[in-house]
Structure formats: C-alpha cells, structure tokens
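Visitor: Sequence:
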Amino acid sequence: VDGLLSILQKNGVKGLFVGIAPVIVRAGSSDFVAAFAGEALLQRFRLESLGFLQGLFWRTLGCAVSVLSTMPFESVAARVTTSSPPLTSRGAVKVLWHEGGLKTFWRGLGVNLVLCLNPGLTFTALAQIKNLFLSLWRRQRLSTAEAAFAGVLAKLLALLISYPLMRGKSLVQARNTSGGVRQVLSSVAKDEGMRSLYQGFTAQLSKSLMSAAVKYAIKERVENLLIQSRGVPKT
Numbered sequence: 337v338d339g340l341l342s343i344l345q346k347n348g349v350k351g352l353f354v355g356i357a358p359v360i361v362r363a364g365s366s367d368f369v370a371a372f373a374g375e376a377l378l379q380r381f382r383l384e385s386l387g388f389l390q391g392l393f394w395r396t397l398g399c400a401v402s403v404l405s406t407m408p409f410e411s412v413a414a415r416v417t418t419s420s421p422p423l424t425s426r427g428a429v430k431v432l433w434h435e436g437g438l439k440t441f442w443r444g445l446g447v448n449l450v451l452c453l454n455p456g457l458t459f460t461a462l463a464q465i466k467n468l469f470l471s472l473w474r475r476q477r478l479s480t481a482e483a484a485f486a487g488v489l490a491k492l493l494a495l496l497i498s499y500p501l502m503r504g505k506s507l508v509q510a511r512n513t514s515g516g517v518r519q520v521l522s523s524v525a526k527d528e529g530m531r532s533l534y535q536g537f538t539a540q541l542s543k544s545l546m547s548a549a550v551k552y553a554i555k556e557r558v559e560n561l562l563i564q565s566r567g568v569p570k571t
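Using the working numbering, read the sequence shown as starting at 337 and increasing by one per residue.
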C-alpha cells in the first residue's frame, strides 16, 4: 500500500500503469504457453493417467518451455516498469542489448527454471482437484465458477510449497548477489528464522489467488468451447 501511495504522489494514476503494454504481452504469452504446453506434452505421449509426481514433472517441463520462449518479454517488461526515467519497450530492448547482447534477455534463466515448480504444482493440483470435483458431482466438465474455485485451491497449495523459492529469487535480485537461491535462503533462515522464508506471503496470496481464479476460469471456459466446437455434447 505504501508503494502504491508513493507512486500516486510522484506520478499520479498514470504511474500505476507504466509499462503495461509489455507486461500484457509477457503475461499473455507466458500464461498461454504455460497453460497448454504441459497438457500438450501429456496428450502427445498419452500420459494423462499418470500419478501426481509424474504429472508434476511433465507440467513443470511444459512451464520450462514457456520460460525459455517468453523470458525476453519478461526481461523487457521488467526493465520498462523499473526504469527511471521511464523507458519505452523499444528503448528497453536497446538498453538490454547494449548491456550484454542476446544473452541479457535470458538473464536469471536458472532461477526462473527452478520457479517452474510453482506453475507445475498449480496445474497438477488443479487437474487432481478438477477430477475430484467431477467424480463427486458426476459430471464431465466444470462450470466457470467451479473452475475459478478449483484454481484458487490449486494456487493456494502451490504457494504454500513453493513460496520460499519465490522469496529466494526476489532476495537474489534485490541483493545483486552472486550466490544462488539455496545459499540466500539458508542465510535468511539462519539469521532470521524459518518464518522469514514466508515473509510477504499474505501480499502474494491476495494477488495470486485472484489471478488464479480468473485465469483458470477462462482456461476451463476456452476448453469447454473447444470441446463443444468438436461436437462433443455437454453433460
């Protein structure tokens, strides 16, 4: 809240939306690839009936494909939203290129690949929760509202497990340290206690749960429409 008020005082309402164009491109492309790449792998190799851990592996692999293909958009979006004075997307691309060429657009790739565990967990938990709901209600598909609720439950479970990794990534970036996520988290836990690994969890939760509800409701709706377009009756 303090951060929002500070931006409003300095730049007005417009400041809250600085860099929104590249953020939308990054979010749209990343979420689309992450949502469907893992499922496509499962269907391609006929692995839909795998258990939780196997499903987690393939869905995390799908998210890794998303990271590899969309990370340049994330790098540009991050530079646009954090630069002072503000940069355009084109300006951010030029700055990143001059800093180190093509590899700069994939800076921090290792950490982002580790964080693929979060969406991998979310999609796998979502599949398990969806199957449970459909079994209990004896239906083939969820409604939009039911999909939103399932998405919230799946994201909550994923965050409880993977949030320390997300915090570790933020700490590595903030401290500009050469140490990895594991080293930073070990240091924080030793100096500040285990509870410090979940510092900021409530703020992340409020943002992520709303996003998950909307995202997975839309995903379920799109899948239902695709199924109906193929002539499969809705039950």
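Do not take every clue at face value.
[Said to hold, decoys possible] Ranges of calculated distance between the beta carbons of each label pair, as one might list FRET restraints:
id, residue 1, residue 2, range
1, ARG443, LEU397, 32 to 42 Å
2, GLY516, GLY348, 17 to 27 Å
3, GLN535, VAL401, 30 to 40 Å
[To be verified] Capping the alpha-carbon separation at 20 Å, the derived lysine-lysine pairs in PhoX-like fashion look like this:
id, residue 1, residue 2
4, LYS543, LYS505
5, LYS505, LYS526
6, LYS466, LYS551
7, LYS466, LYS555
8, LYS543, LYS526
If you are wondering where the hints come from, they were derived from the structure by calculation, not from laboratory data.
A quick note: this is a predicted structure, and the numbers were derived from the prediction, not measured.
Virtual Cβ for every residue (Gly too), placed ideally from N, Cα, C.
Visitor: Compare the structure with each hint and give your call.
Guide: Status of each hint after checking the structure:
ARG443 and LEU397 have their C-beta atoms about 22 Å apart, which leaves the hinted 32 to 42 Å range violated. The beta-carbon spacing between GLY516 and GLY348, approximately 39 Å, falls outside the hinted interval of 17 to 27 Å. Between GLN535 and VAL401, the C-beta spacing of about 31 Å keeps the proposed range 30 to 40 Å intact. Proposed proximity of LYS543 and LYS505 is supported: the alpha carbons are some 18 Å apart, at most 20 Å.
For the hint pairing LYS505 with LYS526, the CA-to-CA distance comes to about 17 Å; that is within 20 Å, so the pair holds. The suggested pairing of LYS466 with LYS551 holds, with an alpha-carbon distance near 15 Å, which does not exceed 20 Å. A threshold of 20 Å between alpha carbons decides the hint, and for LYS466 with LYS555 the separation of about 13 Å falls inside it, so the pair holds. For the given pair, LYS543 sits about 28 Å from LYS526 by alpha-carbon distance, which is inconsistent with the 20 Å threshold.
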